[in-house]
Structures are given as C-alpha cells and as structure tokens.
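Number of protein chains: 2
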Amino acid sequence: MNIAVAQSGGPTSAINASLAGVFKAARSSGKIETIYGCLNGIEGVIKDRMIDLGKAIPDDEAAELLKRTPSTALGSCRYKLPDADSQPQVYEDILSCLEKHGVGAFFYIGGNDSMDTVAKLSAYFKEKGSDIKVVGVPKTIDNDLPCTDHTPGFGSAAKYVAVTTQEIIRDSSVYALESVTIIEVMGRHAGWLTASTCVLRANGEIAPHLIYLPECEFSAQRFLDDIREQQKKHKAVIIAVSEGVQLKDSKCLRSDKLDVFGHQQLSGIGKTLEELVRSEIGCKVRSIELNVMQRCSSHIASATDLDEAELIGAKAVEYALDGKSGIMMVFEREKGEKYSVNISCADAALVANKEQFFPMEWVNDEHNNVKDEAIGYFLPLIQGEVEIKMNNGMPVHFKLDM
Amino acid sequence: MNIAVAQSGGPTSAINASLAGVFKAARSSGKIETIYGCLNGIEGVIKDRMIDLGKAIPDDEAAELLKRTPSTALGSCRYKLPDADSQPQVYEDILSCLEKHGVGAFFYIGGNDSMDTVAKLSAYFKEKGSDIKVVGVPKTIDNDLPCTDHTPGFGSAAKYVAVTTQEIIRDSSVYALESVTIIEVMGRHAGWLTASTCVLRANGEIAPHLIYLPECEFSAQRFLDDIREQQKKHKAVIIAVSEGVQLKDSKCLRSDKLDVFGHQQLSGIGKTLEELVRSEIGCKVRSIELNVMQRCSSHIASATDLDEAELIGAKAVEYALDGKSGIMMVFEREKGEKYSVNISCADAALVANKEQFFPMEWVNDEHNNVKDEAIGYFLPLIQGEVEIKMNNGMPVHFKLDM
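Top line first, the protein sequences correspond to chains A and B. Quick note on the working numbering: the first sequence kicks off at 113 and runs consecutively. Quick note on the working numbering: the second sequence kicks off at 113 and runs consecutively.
With the rest of the complex left out, here is chain A:
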C-alpha cells in the first residue's frame, strides 16, 4: 500500500521533524511502497497536488536536513474542512484522490483545527466503507492541545524564547536609569509559551519580574501598580506578556480584525502597554515582539523537541499499520525524577477545536507571575542543542526541488 502525509496550520521548528519521522518509519517498515507528500495541507489532497517523497528526500542526509529545517517543507494551509453534510463534494474529492493513489493511510501533522479534519475524515471514510486510516500528529508552539503532556514544536519555541529573553535581559540592564522592557510572546488563549520564561530562574535570573497570561484577568491599573512595586527593587524591569492578554479597563483600543478561522487577529498588546507605561509612569520603556521568530528559529531548536517530533511521527506510522484511525498521537510523561515520555494515542475528536490552558495552580495569587512548580514541567522540553549543518556561515535548509 501507499501512504500520504500533509502539514497544516502555523509553521514550527519541529513540524518537518515529524514529517521526517513519518517518512523514515514508512520507508523502513517494508510494508509501504510510495510515500506521498500533499502540498499545502489537505488542499493538496482536494486538488490532487501530491509529490513522491521518495524522490524529494533521496537519502538519509536529506532526511536529516529536513528534520532541522523550520516551517513546513510541503507548504501549509488554513483550510477548515466543512461538514460532510453541507459540502459532500469536498469529501468525495479527498476520497477519490487518496483511492486513485492507492493510499491506505493519511497522516495529518497539525494543531487542533487539523485534528478536526482528522476526526471528520476518519468518520467519513468509515461511513463510506473505505479502509483508509487517518492519523493525526500533533504540532503547535502554543502547547494547547488536550490529551497530551506537551506538543512537538513547543520545546523549540520555548528554548528560543528563554535564550532570547535572557539576551534581552542583558541588553535591557545596561543603563543607570529606570526602564521597563515588555516582551510580547505568542499565545492567543493559552499562556504556556509566555509562562515558560520562568525557566530562566534555573540559570539564576530573577527576570522576567512579571509574567502575564491570557488565562488571567488583566487590569491596566494593577499592571502599573505591579511595575511601580518592581521598580522599588529593580532598575530595569522585564515583563513577559502573552499576545492574547486582554486590556479591559483602559481606553486603549485593540484591533478587532478576524482571521480566516474567526480567530481575533492579535497584535500589539506589547505596543499598547508600552504606550501605557510611557504616559502613566514616564520612564524609558520598550516593547519587543518576538513575532514569527518564536516558531521558526530552528538554529536554536531543542534537540529533545526535534527528536520527540521525529519519534511521534514514526509512531503514527506504526499505529496506522496496526489499524488505528481517527486518533491523534500523544505524549505521556512518566512519573519519576528523570524525564521520559511514552507515546500513545487519543481520540482525535477529543482534541479537535479544543484548547488546553496553562494550569491556574501554577499561577501566583497576584496573577502576575508563575510559580516555581512550573519550572520542572518546562525545563526538560528545552534540553539539548541540535547540530546544524552550516554553509557560508548560515544554516543549510532543506528545500523541495519543484
């Protein structure tokens, strides 16, 4: 039989590692002939834009390069699969494309929107009597998928954010005057990535002195009070704030543009808070948006993250060959001092469109910082550096020869 694999949603530094994992496990299984890559996610199946990955990834060196290359080598999409009842043609196109190419299993690497696609497609195939398995491989820097201890892509994003925040702390502390530095971190509704800056305490940093998550109510007045309190102890106050933090008691306006999924397009909480500090406190203030670098800075990826991302992709192939469908692969963290994970699976419908929030028991009473208990959760995920192949002083990236 043949298989097909696609990547979806926002890019990460680890989504290609999962692709490499699916590819290598399929190739070495001895049970799969052609491994198709679908271009631009599920749209590549609908439009029959499939490539032979065996040709695109000719050898182990190419697979290793793919693993270390950020973003989605096959392209991505933000396509929300409609209900089968309302638009049956889309489902028929997908089934016919996969059948035409003799595909027995379809792997979808993505976030909670993608798991909705996995759940819907596997249900549809069963209903139609098709034997095609559909298996989801998780990825998101937001770490907000239910049923799994953490998600591939998160560890590398957290490592980038920690390393960069530490460098910003050095940069922000050089002048002999009061200053406030606001670092805006990705995370619409879940504050995992912003909270992960607490790992810097393991290296003796006190900053960020304040951490604000979208899980907590945010008050502009309390924010200003918090800063004034910190300024009694620190000349340079460093703040990490989630992009999703909502300013409610201020006249500052937020953008209300919606993206294609109906998510509110968030940008600018950092700039907004910067203006607030400038007008109300009046000290030197700067805001820094870590922007897409959080999800694509593979030059400082977490080796643990890339290895796990590859492994969970490989396990997905095993589960599909074992007859599983409509599932998302998950990590289970084992109890004990030493960090280790088991890989198993959960019903994709339990993940679809749902979000796992940062636990409130790890947030301090003042809702302006994260407790030390969270450090032990985050720290193992950012361990290890990835050896990067360099050329001319810059990393070499895998590129599809199209």
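Because the hints were derived from the structure by calculation, they are not lab data. From a predicted model like this one, the values you see are computed outputs, not experimental measurements. Heads up, some of the hints might be wrong.
Quick list of simulated restraints, FRET-style, between CB atoms [what the hints assert, rightly or not]: (1) Asp477/A with Gln358/B: 43 to 53 Å; (2) Arg340/B with Pro194/A: 30 to 40 Å; (3) Asp172/B with Lys143/A: 48 to 58 Å; (4) Arg445/B with Asp160/A: 52 to 62 Å; (5) Lys511/A with Pro471/B: 24 to 34 Å; (6) Gly316/B with Asn315/A: 30 to 40 Å; (7) Ser331/B with Lys240/A: 55 to 65 Å.
Each residue gets a CB set at the ideal place from its N, CA and C atoms; glycine is no exception.
We have chain A; now place chain B onto it with these hints.
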C-alpha cells in the same frame, strides 16, 4: 601603572569580547598592575564608580564567558561629553579620578559618540600636561564608523539578521496565497545591516526580493510598484527595510521624538509600510521588527567577529603602552582572495560624530536592491560559530558579582 576601561553606547554581541581583549592583553603585558572597569561608561569615571577587573574576572574561564556574553558587562551610558570650555568641572572630575587611581591609559569601547569623548579627553589631557593615554576601541552593529573596514559587533549582528531572515523566508512561504513580509532592520542613517541580507544569495536564496536603505530616496509609490512587479514572479515577497528609511510622499506620519543625543527615535517604518501594503495592495502582509535581538543574540554570534573584537581590544593596549593617544583602533582589509585584516589606528577626531554610509556603487539603479559585489564584502564577517557554554538548555552568561 594602572589602566581603566569603559563601555559606551548601544550594546552589541561583541563589546564584551573587546573588554576581554583589553583585560587579557593588559594582564599578560607585565606592565600593568590594576585593571579598572568603569561602571556605565564615562559616567563611571566622573562619579568614581570603578571596580577591580582582576577580581571580577578571576580566571581564563571567566574571561571566555565574558567574551561570549552579549551587551555591556560594565554597563553603558549615553552621556555626551560637553566641551571643556563650557563645563570644565566634568573634565577636572575625570582627570582627578584617573589620577587618583594611578591610571596611565583609559580605553573607551564605543561608537562615533564615544570617539568624540576619546578625542576631547586626549586633547584635554595633553593641554593639562597629563600623560594619560586615551584609546578608542570601535563597536557598533551599524558598521558606520569611518576609517575602518568594518566594526566589531557588526559581523554578529549581520549573522543574526541573515540566519533569522532565512528562517523567516521559510516561515513566510508556506501558504498558497500572495503575501508580503517586511523585515525591519536596525540602521538610522547607514544601511549596512539591511544590505547585508544579500549574503543569503550565497546559500541559494533569492529573497529578500527587495532591499531598501536609508542612503536612497524612498518613494511609497515606487515601493508599491516594486512589490507588484515582484508578485509577478514570487508568491511570497520578502522585503528588508532599514529602520531609517524615510517615507516622504505618503500621509503616514512618523514619530518625531528625539533621544538624548538629538537622534530621531525611529521605530515603526515596518508597521507603516505594512499598513500601506494592506490598504493599497490588499494581500496578506506582515511586518517583523528584528529589534534588540539584532544586537544581543550572542547565541548565534560570528566567531570571526568575536575573535576580531578581542584582538582589536588587545591591540589597543599595545598602542597605548607604545605611547599613542587620541586614536581609534581600525581594521584594514588586506587585498587578495583570502580574507585577512591588519589592525592599525586612526585619529579619533576623524571618526568622532561622523558616519560612514553604504557605498552607492553597491546599490542597484532602481534603488531597491543591493548588487552582488557587496556579498564578498559581507560574507567573511559572518563566518564561524562560537561554542557556547550551556546550562539547563540555556547559555551561561558572565555577570558582575555586585
């Protein structure tokens, strides 16, 4: 005799490497007893805030850590030295502090504002019959100092910008729809850092498709035309733009706040152009400000840059012991295929308050890109990776124990 060293201006990834160079050369010269570090630049001399670097940097391991740590370990300042005629007290304070500590040579690591301090102080000391030597060690990520082939700090900034731009190219090219990505790079008046993104061509990248420098007149209308032209060839158009680019033929307003030196505080050209593209072209558009990460991301520093920064600091000690004063150390690039530099010196007064711009002969006729000839200039400066000491998955930084 004793010496004193201070750091000034905006931080870089290499300014501590120059400090390490001064320290190590002074220690091994056999002619210097105490090496003082002045806290917060020349302000540390005025206020007699000096520390014994021999105690702060107890061994070679600490010196190596210092070399790899971004920003200024001694703190910095933005203090503009007044003329000796108008405020003689400041000069008397400086001289008395240095004499009190038996300082025979003062080293100032900084940019063109700092070289103004070097020129003024050395002239004052000569006039007063003092034998204290004053030697400037260049640093700036802007690469805009005259009399030198390039400046320490620039290579690491350029390496960060190249590596990050390449990752942003991957990130920005995943969707099957037209998009524009605008990367805002530091550089008030000189476009060296923005121009340096052309090195990506050496790794087979076509992007950035458009590069805009402050040295050229910028027209919003031509900018939009340039994008439309590129969209005929590329789905995802990537643009590098200097923060200093001035929008003249548009109603978009720029901030006119001035910093302490009277420089216009620039921010937001990226955001402004993003809004322009959104309203006039209407495609998906994003702007990314590389912000302070350009000057402090030492985890991806250029080994060539840090080694040269250390070396030029060491040479400064040699020149001071040789009786030179009122100078800035400079790099001279040797002719020939293989890259190598000589270190010599120039009159600090020739550098003070002056800027070296990106050469117009390396800008294309359309003023929207950089010619291939510039690649050979930039490429050697970003070569080599620095081995970083890691702890808990994060770099270990040198910190003053104060």
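Do the hints match the structure? See the list:
1. The hint said 43 to 53 Å for the Cβ distance between Asp477/A and Gln358/B, and at roughly 49 Å that hint holds.
2. Taking 30 to 40 Å as the suggested C-beta distance range, the pair Arg340/B and Pro194/A conforms, at roughly 33 Å.
3. For Asp172/B and Lys143/A, the hinted distance range of 48 to 58 Å is satisfied, since their beta carbons lie about 57 Å from each other.
4. Judged by the Cβ atoms, the range 52 to 62 Å given for Arg445/B and Asp160/A holds: they are separated by roughly 55 Å.
5. As the Cβ distance of Lys511/A to Pro471/B is approximately 32 Å, the hint placing it in 24 to 34 Å holds.
6. For the pair Gly316/B and Asn315/A, the beta carbons lie near 37 Å from each other, so the given range of 30 to 40 Å is met.
7. Checked against the hint of 55 to 65 Å, the C-beta distance between Ser331/B and Lys240/A comes to roughly 58 Å, which is consistent with it.
Hint compliance for this structure: no hint is broken.
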